[in-house]
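**Student:** Take these sequences, add in the hints, and give me the full structure.
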Amino acid sequence: MAVNRRKLGVLLGVLLATAAAGSAAAASHSSTPGVTKKQIVIGGTFPYTGQAALYKTIPAAEQAYYAYVNAHGGVFHRKIKDITLDDAYDPSKTPGQTKKLVEHDHVFAIVGSLGTAPILSTWNYLNKRKIPQVLVATGDAYWGQCVRHKCPASKTAKPWTMGWQPDYPGEAKVYAKYILKNKPGAKIGVLFQNDAYGQNYLAGLKAGLGSHKNEIVDTESYNVGDSAQQIAAHLIAMRTHGADTLAIFATPQPTIFALVDRTAIGWNPLTLVNNVSANRVFELAAAGAQPGADLNGIISTTYLASATTQANLKGMKLAKKIIDATGNQALEQAFAEGDGNIVYGLASAWTFVDALHHAGKNLTRAKLMHALRNMKETHNPFVYPGMTVKTSKKRNFPMEQLKLIRWSGGKTGDWHAFGKIYTGIH
Amino acid sequence: MRNARSASVASVLVVAGVLSALPFVLSSYNLSLVAQVGIFFVAVLGLNILTGYTGQISIGHGAFMAIGGYTTAVMSRDHHTNLVVTMLMAFAICFAVGLLLGLPALRLSGAYLALATFALAVSVPLLPLKWSKFLGGRDGVEAARSVSNVWLYGAAWTASAILFALAWLILRGRVGRAFRAVRDSEIAAVASGIELPVYKTLAFGISAAYAGVAGSLFVLATNGFAAPDEFGIALSLQILIGAAVAGLGSLWGVLAGAAFVGLLPSVSGSVPVIGSQHGQDVVFGAAVVLVMLLLPGGFAGLLSQLRRLKRA
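In order, the protein sequence lines correspond to chains A and B. First residue of the first sequence? That's 1 in my numbering, and the numbers climb one at a time after it. First residue of the second sequence? That's 1 in my numbering, and the numbers climb one at a time after it.
Any given hint could turn out to be false.
[As the list claims (entries may be wrong)] In the SDA-like style, the derived pairs of lysine to any residue whose C-alpha atoms are separated by at most 20 Å in a straight line are:
1) K155/A to H79/B
2) K128/A to V147/B
3) K155/A to G137/B
4) K394/A to P152/A
5) K79/A to P33/A
6) K411/A to L313/A
7) K155/A to F284/B
In case anyone wonders, no lab produced these hints; they're calculated from the structure.
**Tutor:** Okay, here's the thing in structure tokens:
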């Protein structure tokens with residue numbers, strides 16, 4: 001009896017509420033959410049806690065750049081307010097947090113959200129609502145492949161989602177080229193993260209090796225959250241397979257483990273790490289561990305200016321000024337030690353502000369997307385000198401250039417660029 | 001006795017009244033949070049039937065949620081099936097799978113059963129990688145349609161109401177008595193003529209079916225997107241925490257337990273100082289520790305203590 005009444009009550013409530021919501025929806029839709037005369041509210045999700053928390057300087061740098069822009073009058077007199085929420089790199093938390101940003105904080109756009117799986121878990125939602133999900137901090141090829149038509153990752157086109165950094169498969173192809181040229185007949189062991197992120201790298205490496213892909217003698221996958229011991233077991237397995245070249249396609253923490261383990265087991269193969277983890281502070285952490293990792297000769301790539309080896313660049317001087325203005329000592333110290341993620345955050349935020357300028361005074365979501373899809377930034381002060389952030393109807397990957405870097409100088413060393421700039425990668 | 005019954009009827013009515021009023025009061029976003037509570041209500045209720053009433057531990061209910069969630073996503077993707085129908089399918093499929101997996105529960109008990117279900121929680125979400133063509137692999141499965149917050153709210157709480165009634169019907173009668181007898185002493189239960197294998201597997205099946213419906217709703221709450229990473233071990237633990245906070249063996253505590261795991265992660269973001277950026281997990285963990293210290297019997301324990309005080 002009681003149960004029936006309860007059920008009826010709920011059903012009745014739902015019916016009435018549906019009607020109410022329907023009429024409310026018809027009434028709204030006049031102006032662009034998150035945009036007023038004085039303010040643009042944007043939001044993003046980042047791993048402030050959990051396995052990938054080493055990335056948290058990225059949103060800090062982005063907010064530092066917006067503060068700098070706001071202090072200089074904003075964009076068309078609008079100040080940028082950036083609301084960032086923690087999703088712990090956990091794709092079951094991202095939808096809830098993104099929903100909060102959209103439906104509770106009424107953001108204009110989701111900008112810079114981090115992680116492949118977190119983006120995949122929210123791009124459906126955002127694209128259906130035509131909310132920009134832009135400059136996402138992940139280099140998967142999807143963000144460029146799925147713009148106009150369906151693609152391996154999606155049955156529908158995702159025109160409102162867009163990346164920024166070079167895509168991972170393209171990056172892996174650069175490593176393949178390097179190996180083929182400098183170590184013919186290599187026996188390659190690959191350590192990769194057991195998800196879309198790691199698999200995209202692996203696929204890119206295989207594609208880059210082409211007919212030489214049988215040079216990969218062992219692939220070992222680790223899971224997010226694995227311990228240093230588990231990573232070490234993978235390395236030992238690769239060495240047992242006779243690998244003399246090690247490719248690490250991992251997020252920062254596992255990379256640090258792998259670099260330390262590699263020295264601990266007394267193995268010294270030619271080592272390549274993906275650029276997500278080629279960040280001086282992470283290498284210093286690996287060198288400072290017990291036993292310290294031997295880093296000399298490790299290869300990676302970059303597309304950003306370096307705060308340590310290129311401190312005299314105009315852009316890096318500006319970066320220092322912006323970071324110093326935050327008064328955040330931890331951030332200042334990380335910047336001084338060469339935390340590339342800070343430069344990444346600044347560069348990505350620079351692109352966003354640039355797009356806001358191009359989108360014009362009467363800002364709408366569609367105008368922002370149009371601006372972002374037709375960029376030509378030859379003067380982004382934070383990217384590697386000579387590289388261009390560019391998009392067009394035919395080009396959906398904003399950054400398509402990479403430069404090889406090599407570690408030298410041991411425990412207090414640094415990444416040093418060498419060779420030509422690779423262009424048109426993806 | 002009569003008083004107790006009319007009191008519980010009254011409280012059901014009050015809860016139903018509040019829930020049907022909420023859509024008029026709350027914003028769409030807050031409504032989605034309460035829908036989240038409804039989803040966990042179903043899952044915790046299911047686990048409570050197994051753990052609280054029958055005494056079998058499971059740390060693997062996230063696996064059943066995964067099965068239910070994928071059922072909805074795949075059926076919607078491939079056949080544009082009505083979403084309510086996919087929920088019924090999730091219920092049926094998980095019931096069957098639960099019965100099958102309940103068989104080992106006959107041999108294992110205590111910590112061993114817990115470990116076996118743990119293995120379930122770890123391995124099931126990896127199946128989509130094995131059959132990536134059908135189950136989408138790492139990139140997940142997108143349902144053909146996504147639902148509004150109001151739809152989700154209505155669906156979650158309608159399902160909660162129906163499944164609550166079902167649980168009440170099951171537990172008040174013969175089957176419920178048998179469950180409790182198994183929990184209190186298996187030997188005594190067998191001696192009283194209760195067929196242990198039947199009731200243990202049945203409890204597993206029912207509990208899994210509930211988790212399946214919760215999983216189906218869970219996927220709808222994540223915009224119709226099902227991916228392996230959503231159903232990690234953390235989800236199983238969340239349901240277990242919900243059941244512990246609820247207090248084992250009480251239907252009323254379930255509401256509190258579901259609110260705890262459904263709301264706290266979102267609300268804890270607004271806690272000052274450690275708020276939005278640092279420590280959803282810190283606040284959540286601290287709250288779990290506090291509840292366990294102060295209310296070792298969960299909210300069910302609190303309720304019965306209050307009742308005892310009233311009588312004294």
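**Student:** If a hint holds in the structure, say so; if it does not, say that too.
**Tutor:** Status of each hint after checking the structure:
Proximity of K155/A to H79/B is assessed by CA-CA distance (about 14 Å); at most 20 Å being required, the pair is judged to hold. With a C-alpha separation of about 11 Å, the suggested pairing of K128/A with V147/B holds against the 20 Å cut-off. Our distance criterion of 20 Å between C-alpha atoms is met by K155/A and G137/B, whose separation comes to about 14 Å. Of the supplied pair hints, the one linking K394/A and P152/A holds, its CA atoms being roughly 19 Å apart against a limit of 20 Å.
Using a Cα cut-off of 20 Å, the hinted pair K79/A and P33/A holds, with the two alpha carbons roughly 15 Å apart. This hinted pair does not check out: K411/A and L313/A have alpha carbons roughly 25 Å apart, beyond 20 Å. For the hint pairing K155/A with F284/B, the CA-to-CA distance comes to about 37 Å; that exceeds 20 Å, so the pair is violated.
Against the hints set out earlier in the document, violations occur for numbers 6, 7.
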